[in-house]
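Same order as they appear, the protein sequences are chains A and B. For the first sequence, the positions run -2 to 485 when our numbering is used. For the second sequence, the positions run 6 to 109 when our numbering is used.
What the hints contain is simulated information worked out from the structure, not anything from laboratory work. Keep in mind that a hint or two might mislead.
Computed cross-link-like contacts, DSS-like style, restricted to lysine-lysine with a CA-CA straight-line distance of at most 30 angstroms [to be verified]:
1) K383(A) with K91(B)
2) K297(A) with K50(B)
3) K413(A) with K91(B)
4) K50(A) with K85(A)
5) K49(B) with K85(A)
6) K50(B) with K262(A)
7) K35(B) with K383(A)
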Amino acid sequence: MKQNRWTATELAEEIKAGRYSCTEAVREVLHEIEKKEDLLHAFLLVDRNKALKRAEYVDREIAAGRLNSTLAGVPIAVKDNICTAGIKTTCASRMLENFVPSYTATAVERLEAAGAVVIGKTNMDEFAMGSTTETSAFGASKNPYCLSCTPGGSSGGSAVAVAAGEAYLALGSDTGGSIRQPAAFCGIYGLKPTYGSVSRYGLIAYASSLDQIGPMGRSVKDCAAALEIMAGKDTRDAGTLMRGDGKLLEALERKAEGLRIGIPKEYLEGELDEEIRQALYAQVECLNRMGARTEEFELKLPEYVVLCYYTIASAEASSNLARFDGVKYGFRSENPQNLHELYQRSRAEGFGTEVKRRIMLGNYVLSAGYYRAYYEKALRVKAKIKMCFDRAFASYDVLMTPVTLSGAPALGTYSKEIQSALRLYQEDLYTVPVNLAGLPAISVPSGLNKNGMPVGVQLIGNCFEEKKILRCAYALEYEKSLGKKGKE
Amino acid sequence: MTEKITEEMLEQIRILSQLKLTEEERISAKADMEVLLIWLEQMKKLDTSDTEPLVHLYNYPNVLREDIAGNPDGSEELLNHIPDRKGEYIQVPNTINGKVREIE
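Modelling step: build the complete structure from the supplied sequences, incorporating the hints.
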């Protein structure tokens, strides 16, 4: 697969040094998009003219010395649930098919202020509800490693764009694994930041207590650079917090000495694919060689993490999506007879099956009489999950786990049948506890399986300790690059 | 086991969800909900009597911002999203059965 010559931060260096320009980089990715989009369908929208116009401006600013960030001049792709002023933002839903936001999400605003250029909006599962991009109202994306396989989801389009060289870097959002799982399936890095570190202003809400925007890129440094720019307090998202100095790039060291890595034993049992288990052990070996202290331990998470997640996520979704009623913006049904019919038909016609299913489930678990048995119960399970992680981080700096049970499944694994959806829900077991506990985690590409499909491992840190997981991922990346050089 | 979803319960959820369902959709929504609720109900097996519901992850105090008036998003741009608008008003059908009512 042809990928960009450089990573995003390398590209910015080249541009800064005057050996390449932002305009050339934008033309290059537009060319890749033209060649590949019919096959991959990573994007829902590409704004060629806007991107080229902005590239010219960015080139001038860089030349004048007014822009010199670590990502100045880098073409980025943005998941289509993140608002971009004047650029359609659909959430891959009929409901928002023609929605053009009047404002830009803080995360994008900060990257643009640092000189990044948005080239387009990427495909996703409708309202981020799904793990294959197959619930998108506009068709699924394809995995660049195998076109009959899913790229994962919900940020599948962003993962494909980066993996296939259609963008140097992309933004995704992660509510239960939506950055990390597609990153693992497409062989790239995907970083879910600590809850509260990146503003959710302009992110169309799915489950507000779990949602985080994060970067997806081809190197650890790219992800660190993007998070460093995006993170921090924002008056427009009262949930944002700043802890530590935020200087993530400084933390990147090509060594792992002193790092205490815990590997939850129970995560390596059960249905986990043998090849992923081996890939994880290989990464453990690698960290041992680099001076880390690795150890298997019992995390003892309660058995019902996935149930807890779906209860809370559906409950919050039912509340967040109540705003889409055909009145103020978005899809409005034709010729309703009265106001209630306007609401109900607009929602029935605007939302897809999976979204409606979760809205109804959410309303049930929140309704009088069932609230305690389901929603409140889930919040108690969440408390137990948090306690397990607190205990683990008293002994370890970083936890290493698989991201997924297996490599990317074939397209068509998700269908509207409830049993297929339920099977996919249960595969989220390694990613959802991280969101429930608010932790940062990064998906690290860890080779290919025998079918030639990428597999990943996940590094989890304690809240606001992104530096530790990034340092660990950086060390692994270095070892991998040494390995590659050795083979050449 | 979970109580089966009755027609009345389904109707209640449908109303709370503000969704119109065809007869076919009703049947599948009912079946799907039953499967999902049986699945979620397994949480009951876990003893959580020793924990409180966790609503906020962090124990940091709430910091309120200064009360400064402003309109950073621009009300006119937001009003432009309204599918059917008359001046400063949103036009919708009657609450009770009837045609779209003219506001003027």
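Which numbered hints are broken by the structure, listed smallest first? 1, 3, 5 and 7
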